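Start from the sequences and build out the full structure, keeping to the hints where you can.
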Amino acid sequence: MTQPRELLEITDTTVNIELLGNDHFIYQAWNNGSEEFLRQTFNQVFSDINPIGGITLTPVDHYHRNCAVLACTHGNGKKVIKILDSRSFDVRKEEILRENRVGLYASKKVPSLKPREIVGLFTDSNHPDVPTVVVYDYLGRAYGEDVSTKELLKVVDVTLKKITDLHKANISPKWGYSLSEKKRAENPYDIAIETTRYLFNDMTRDGLDPSGKIKGLIENRWHPLFRQVKFFTLCHKDVTLSNIIARPEQDITLIDWTHARWDDPTYDMAYILFWPIMRGEAHKILDKFKRYQPVYGSMGLDICSRFPFYLAHKFIEYGRFKGLKWVNIGHQLLNLSNAEEAIKFAAKQSMG
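Note that the numbering used here has the sequence shown beginning at 30, numbered continuously upward.
No incorrect hints appear here.
Just the calculated beta-carbon pair ranges, DEER-fashion:
| # | residue 1 | residue 2 | range |
| --- | --- | --- | --- |
| 1 | G326 | V187 | 18 to 28 Å |
| 2 | G381 | Y206 | 36 to 46 Å |
| 3 | R130 | P202 | 17 to 27 Å |
| 4 | D219 | H288 | 14 to 24 Å |
| 5 | E174 | K212 | 36 to 46 Å |
| 6 | K266 | V187 | 16 to 26 Å |
| 7 | S207 | N249 | 25 to 35 Å |
| 8 | F350 | T178 | 16 to 26 Å |
| 9 | S240 | L133 | 41 to 51 Å |
| 10 | H312 | R234 | 32 to 42 Å |
| 11 | K122 | R320 | 35 to 45 Å |
| 12 | G326 | R256 | 12 to 22 Å |
Computed cross-link-like contacts, PhoX-like style, restricted to lysine-lysine with a CA-CA straight-line distance of at most 25 Å:
| # | residue 1 | residue 2 |
| --- | --- | --- |
| 13 | K259 | K319 |
| 14 | K190 | K313 |
| 15 | K351 | K266 |
| 16 | K197 | K259 |
| 17 | K203 | K137 |
| 18 | K143 | K266 |
| 19 | K183 | K319 |
| 20 | K266 | K319 |
| 21 | K313 | K373 |
Honestly, the hints are just simulated from the structure, not real lab data. Computed from a predicted structure; not experimentally measured. From the three backbone atoms N, C-alpha and C, an ideal C-beta is built for every residue, glycine too.
Quick look at the structure:
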């Protein structure tokens, strides 16, 4: 069986394709008639790069079950390559173009939020089992969990400011994905169910709630709060460190607008603050949160009462890949009633 670790000859250099030995999706794609397609695609992707000493392509995202996300650093920038499952080309193309449209829309509201540039979209329409490969190019570097706490707090400050500006510019009584307000829902069919659907699916798949107790707690305690939301803002909905890009001009931008939609802005706030909270920075994060709370209040938006749920969601999501300690913190957060309690509790437990 051919393994996807072989070296590919690219002009006068070599690309080392490191695709995680235990990544079954990649092995299936590589060994299911897609090897030659992937070889040709990688050759084309890297034809414009001529680095000294070769390129190492490494996995940067382990959260997807139906795709692999890889990154290649070159010079002052980086290429990101998504190898997606074999859904039809038309469906994938529309998803990708929508992501780009939303990113462009956000950058018009907050100019520094320039989306990454799609530089290649590769598929083989004659072989439906062949995956789609999407290539993005951008200047700058993505942050990782190795970032220092001092730098992380600075990044959080800048990101909060940009996200708040985005939220302010896009308040609507309608919920949903479409950039056209007319096509979004006046009364979401059930925002509570939509908000918790992926969390329930993940917990069921990973066996994290065998008794159904957590699901019952969420439905009884948190669903009523979600149904009280009256206004929505354009939310990024995936502000992870790898989606925050430091650019040469000492600024940051956000990439990957795949999940963006008009939704509860508390989601973005909790996801941004998660990273310093898990490092025990309760007091500094509380100060930041309290500075922004009246800003959202002046817009008629409450970011406090539902904050424990969204922070719990992030801890559970993180814990699915990093260990049950984080999942358990998430479960306990679901019993708290406001942002201050949640921030203090999560910071303390994270350092324990």
